[in-house]
Amino acid sequence: MGSTSKKRTFLIMLIPILVLFFCFNTLPLIRGLIYSFTNFRGFGGYDWVGLRNYVDLLGDARVGNSYLFTFKLALAATLLVNVASLVMALALDSKIKFKSALRGLYFIPNILGALVVGYIFNYFFTYIVPFLTNTTSILADARHAWIAIVIVCAWQSIAMNTIIYISGLQTVPEDVYEAGSLDGATGWNKFRYITFPLIMPFFTINMVLCMKNFMMVFDQIMALTQGGPAQSTESISFLIYNNGMAGGQFGFQSANAVVFFILIVTISVLQMRFLSSREEQL
Amino acid sequence: MRNDTITRRGFLGLTAAAGASSLLSGCGGTASDGKRHVEVVTYKQEAVKIFERLQDEFNATHDDIVVSITCPNNATTVMRTRFIREDYPDIIGIGGDISFSNFIDAGILADVSDFEGLGHVKPAYLDILETLEFVPTEGTFGVPYMANAAGVLYNRQMFRGHGWDIPTTWQEFIDLCETIRAAGILPLYFGFKDTWTTLAPWNALAIELAPSDICQQVNAGRTTFTEHYRETAEKIQALLAYGEDGPFAYGYNDACTAFARGESAMYTIGSYAVPQILSVNPEMDIDSFVMPGNDSSDGQVLNSGVDLQFCVMEACPDKEAAYEVLSFLLEHDNMQTYVDDQNAVPCTTDDFDLPDMLDGMRDYIEEGRMADFQDHHYPSEMDVAGQIQTFLIEGDVDAFLAKFDADWTRYNRDIIQKVQDYYATQA
Numbered sequence: 001m002g003s004t005s006k007k008r009t010f011l012i013m014l015i016p017i018l019v020l021f022f023c024f025n026t027l028p029l030i031r032g033l034i035y036s037f038t039n040f041r042g043f044g045g046y047d048w049v050g051l052r053n054y055v056d057l058l059g060d061a062r063v064g065n066s067y068l069f070t071f072k073l074a075l076a077a078t079l080l081v082n083v084a085s086l087v088m089a090l091a092l093d094s095k096i097k098f099k100s101a102l103r104g105l106y107f108i109p110n111i112l113g114a115l116v117v118g119y120i121f122n123y124f125f126t127y128i129v130p131f132l133t134n135t136t137s138i139l140a141d142a143r144h145a146w147i148a149i150v151i152v153c154a155w156q157s158i159a160m161n162t163i164i165y166i167s168g169l170q171t172v173p174e175d176v177y178e179a180g181s182l183d184g185a186t187g188w189n190k191f192r193y194i195t196f197p198l199i200m201p202f203f204t205i206n207m208v209l210c211m212k213n214f215m216m217v218f219d220q221i222m223a224l225t226q227g228g229p230a231q232s233t234e235s236i237s238f239l240i241y242n243n244g245m246a247g248g249q250f251g252f253q254s255a256n257a258v259v260f261f262i263l264i265v266t267i268s269v270l271q272m273r274f275l276s277s278r279e280e281q282l
Numbered sequence: 001m002r003n004d005t006i007t008r009r010g011f012l013g014l015t016a017a018a019g020a021s022s023l024l025s026g027c028g029g030t031a032s033d034g035k036r037h038v039e040v041v042t043y044k045q046e047a048v049k050i051f052e053r054l055q056d057e058f059n060a061t062h063d064d065i066v067v068s069i070t071c072p073n074n075a076t077t078v079m080r081t082r083f084i085r086e087d088y089p090d091i092i093g094i095g096g097d098i099s100f101s102n103f104i105d106a107g108i109l110a111d112v113s114d115f116e117g118l119g120h121v122k123p124a125y126l127d128i129l130e131t132l133e134f135v136p137t138e139g140t141f142g143v144p145y146m147a148n149a150a151g152v153l154y155n156r157q158m159f160r161g162h163g164w165d166i167p168t169t170w171q172e173f174i175d176l177c178e179t180i181r182a183a184g185i186l187p188l189y190f191g192f193k194d195t196w197t198t199l200a201p202w203n204a205l206a207i208e209l210a211p212s213d214i215c216q217q218v219n220a221g222r223t224t225f226t227e228h229y230r231e232t233a234e235k236i237q238a239l240l241a242y243g244e245d246g247p248f249a250y251g252y253n254d255a256c257t258a259f260a261r262g263e264s265a266m267y268t269i270g271s272y273a274v275p276q277i278l279s280v281n282p283e284m285d286i287d288s289f290v291m292p293g294n295d296s297s298d299g300q301v302l303n304s305g306v307d308l309q310f311c312v313m314e315a316c317p318d319k320e321a322a323y324e325v326l327s328f329l330l331e332h333d334n335m336q337t338y339v340d341d342q343n344a345v346p347c348t349t350d351d352f353d354l355p356d357m358l359d360g361m362r363d364y365i366e367e368g369r370m371a372d373f374q375d376h377h378y379p380s381e382m383d384v385a386g387q388i389q390t391f392l393i394e395g396d397v398d399a400f401l402a403k404f405d406a407d408w409t410r411y412n413r414d415i416i417q418k419v420q421d422y423y424a425t426q427a
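Taken in order, these protein sequences are the chains called A and B.
Here the first sequence stands for residues 1 to 282, where the numbers follow our numbering.
Here the second sequence stands for residues 1 to 427, where the numbers follow our numbering.
Next comes chain B alone, as it looks inside the complex (with noise of 0.2 Å):
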């Protein structure tokens, strides 16, 4: 009777989100206390009490809009069941991903492009919004917001003490993982119990070796995964030797404590996991570098995406209403304590404090020099993460690459056909 505990998870995802919504005193629109409504959901828990405080301060300053930001636990899915009733909020706070990608290709978000506030955005952001649609739409459709940079954090005292330099190739990468290793220290740590931490060193080594828009080329029928992430593959693979023993017995928790306590002098993840691996040791001082992952000298870009941006939500009644809070939520000091609380990258050109420990990338962020994370790119149903997982304790690259194309073409039958028709009806 599987049938029957899905619904009642639906069930259960339902009542809380019609709770939510009714605690919310409905949607959009002018309610019955003659002010303007707009709701705002947003996936980011782990920020919920800046905007909490944000919330506050606007409406404390606003009398004739009124808003309410949540940030529900698993938002994502509490939005999809949301979506399934036809119950919008106003405005949703989501990553640039595959998600993103399935919303716009469903027509439920916005055009934005008359938003005057996109003009402070960096134009690096805009374009990783604009691959992100499966085929290129008329619009833009979010307004990037905050952005993560994944590469590879460190233990800068450590490297202080030792008098090691900061890698700039791949070869010099590995040359150093050698010297820790020489020093008696591990010189990673991954955690891969936890299938999707295998993607932050994915993502990082990817987007050096494989074009930028390998995705998109597959689906236009153009190209390989097998041609094209080959190297990637050897490389990860390459890593596994340098850090923990069996590292699909521990999860991102444990790797994150091990890297907290000094266990290795590196690990393999994005600027996400500080605030946890600070929660165990509040007095470390991490860095963090662009994990090099080819042999050119000036090659190296950083894996930057979307962490989180605002979408309007096509069904909102009252553009206008959400156009100020989005404007509000991007004033400079808001977006100042954002990113001093989350340790994140900011997504427009003003000048901002930015985080110590983004210190070894502050160069990229400035000069634009990022790509994004081809993972939100991946549907979430073919679980890439498994399958790399699955491959690093085989080892078997060529099983590996010929999954990874065949199951492609699987999970995206319909995007694929989509695309196709789009390309045959542009010919």
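Next comes chain A alone, as it looks inside the complex (with noise of 0.2 Å):
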């Protein structure tokens, strides 16, 4: 008896959860995959196109280029935000004064709309850094307007990838570095031994989520380059919500976007796969 109820009460959780899921992401996916065979424009009618457009995407050095740009941001990114909040989390978790106001203000970019850090950074790029350096603008260089991107995309999830290893760094015991101090663990060493591997789920989850969402970049790019200069900074979310959804290639774009969604979910789940195997448990 109770435990019917417990299940009912369950379902009544559930379902419109799962409703509200199936019609807001499982119908919508579903309905892309069938517009990826189509020549769909957005509106009007289409005509059925067969694999044409997944073939194209093979010869498209426009979709090409945005994969790899999107790729390399999204190494660097993740590497740069990795290592800067696991720097700032030891700083912030070891003895210093203010503490808590430090992690408040370390957090503030966190809170920001990324639209809005991206302008102000556009008005740091053109304006500020080449008058005080007496350079052109790294926005207007088509090499290097991808680091001024990584910069800026850095900035903002340095804060909570800082929040998640805080609170990693919480969960290792005291008596765990007690113990490795006896031994004589101390600097490099004790973090190398002792810390990293105690972290490392919480690393695993950062790692996950950082790649994750630095491969859907499109925030910054809309404020910052808008694609530019000379089509260098174009991400594949860029790319398919602008040619998509304000060009005419809602068909092309939308097998874009199901090869993309295939390939995210394959590097998450490697990346799970491998680095989870790596954990330790006390």
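Keep in mind that the hints were calculated from the coordinates and are not lab data.
Note that beta-carbon positions come from the ideal geometry of N, C-alpha and C, so glycine has one too.
Incorrect hints may appear among the rest.
[As the list claims (entries may be wrong)] To spell it out: a stretch of chain B is covered by chain A in this simulated footprint if at least three of its residues, at any positions, have a beta carbon under 8 Å from a beta carbon of chain A; those stretches are: (1) 102 to 110; (2) 186 to 196.
[Stated by the list, open to error] Quick list of the computed label-pair ranges, beta carbon to beta carbon: (3) S100/A x D340/B: 37 to 47 Å; (4) N73/B x S100/A: 23 to 33 Å; (5) D353/B x F22/A: 56 to 66 Å; (6) L58/A x A182/B: 45 to 55 Å; (7) S113/B x L18/A: 32 to 42 Å; (8) D350/B x T133/A: 51 to 61 Å; (9) D127/B x L18/A: 54 to 64 Å.
Can you join these two chains into the complex? Each is in its own frame, and there are hints to help.
As structure tokens, then:
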């Protein structure tokens, strides 16, 4: 009796979520898949074109460049963010003055909107940096503009990752450190052999989240470069949105989105497998 | 999970559109209050105040018809989202560009050739609309309302102060740039960080250096862009030397501000930039001239296209009411209000007071010596603006032209097929 009413409660909680998830996630995904086999423009009639969109994807230099750019950005930003936020977390977890205030302060970038941050950095890169260093704007340089985007992405996501690492550091019991210090583990060795293995699960989650977020980078591109200069900073998401919604390539970009979806799932699963196999349990 | 985000955006658009349409008490036909409702959606967000005023005036003077005019942000996307759901407004106000071509091709616009107001419209603009059809299609699908003009804006006070003359040939234009530079002033400002701004000088040069129907000719397989766009490409490249340092670092807003502050003598952009420039420097005396692309003394034409036209949707149930609204919008005084506020060029044959900053283009407008923006034929997903920016950064004319032709066939495959099928059946 008790268990059936419990079951019913669970079902009442679960079913609405499931329906919403199906309506707003699964259904559009299926429709997107269907559109990927058409030459749909977003309105009016369309024809079935079979696998033409997928074949075109392989030979499209612009799509290829957007994948290269996105991977380059995601790798660089993920590395930068994880190294920087681990260092930040270690610093903010040590015995320093104003610890709580500093933690709050360093979290601020995370609560600002990505577009706002983007526009501010846009001004910073266009006017302030060139004025201080007497160089030209990095955003106007087709070869280096991606670095500016890495910096902006990293600046903003370091905050969240730092918080996750701090909470990870707090799960490491003090007695492990004490035992370690008796064996002479200090400084780098203490981090390398005690702290890092014990916060490995947090490293896994941060790596996966970072990679996934940066693969889907969109707002920063919108605010900083709009894909330029010379189409050098077009991310996959940007291209899908721009050409699929604003341009007339709804069908083709749906195919692109399907490929991209599969790719992100694959990368995330591989990453999880690889990293979680290295996690240590106390 | 990119798909997820896209649909979320689409969903937001849908809810926005649904919200808007429910607010507007449904679209078309007779509603419960016994009145005929006409819904107009225009893409001219900057003219929202004028349209609100016109809407109120219409509703105050008409007992049986209620009109609602909205100018949503990002209107073309909002319209497209509504079209996906087959939720059509009665009238849409759009530009004469590739979207219009696509809408005709999709068969969602009504033939308005029986609308008598068309008799007042300058034939040149009706011709422009004709050329926007992918294949010749029986009927007229839009009522041209306002045109814009692009060329070169100049600081009239500065020109008078130095005694500089308006150039009428390419050579004179280059000489003028040299003279201005010798006077220690920057001749031009570009703002090419925003890629679309590259299209302003590009269009103005292309109409004088390439055939006006080049896109149709290419679609029909009769010529290539490589053959006709070389000179345009070389000339826009030559202009770079007279602009600001590192033009790819500054965007449209930066360029408007710099020109308004007198940092450059000229600015290669359309008349639509004037309100923004004046917002920085309300006292500025701006005029414009036609970009002289070639060296023939009488060969210049004004770059002017349909900036705003009204199209009745095929799904509109009450065309009579829609025409009544169109006639009202086309009344002389209402158009003059729009012209004064937006620095636009009216598309009808009535007499209007044109804004000062079009002084240098007045003769061309009155004589109808103009040609449409060539980018109105470029598919937006091909991103020609981005390609021009790439070319100006890298400086390789041959690579640019080759890519232009290759991309054109790639992005227009379905249209080219349609055009060639059409000519095959004609022959």
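Hint-by-hint comparison with the structure:
1. Remark: the segment 102 to 110 of chain B is confirmed as covered by chain A, as 6 of its residues place a Cβ nearer than 8 Å to a Cβ of that chain, reaching the required three.
2. Counting residues of the segment 186 to 196 of chain B whose beta carbon lies closer than 8 Å to any beta carbon of chain A gives 3, which reaches the threshold of three, so the coverage claim holds.
3. Between S100/A and D340/B the CB atoms are about 59 Å apart, so this pair departs from the stated range of 37 to 47 Å.
4. With their beta carbons about 41 Å apart, N73/B and S100/A fall outside the hinted range of 23 to 33 Å.
5. Checked against the hint of 56 to 66 Å, the C-beta distance between D353/B and F22/A comes to roughly 60 Å, which is consistent with it.
6. At roughly 54 Å, the beta carbons of L58/A and A182/B sit within the given window of 45 to 55 Å.
7. For the pair S113/B and L18/A, the supplied restraint of 32 to 42 Å is violated, since their beta-carbon distance comes to about 53 Å.
8. A beta carbon spacing of about 57 Å between D350/B and T133/A agrees with the range 51 to 61 Å that was offered as a hint.
9. Under the hint 54 to 64 Å, the C-beta atoms of D127/B and L18/A, about 57 Å apart, fit the expected range.
Taken one by one, the earlier hints fail for this structure at numbers 3, 4 and 7, listed in ascending order.
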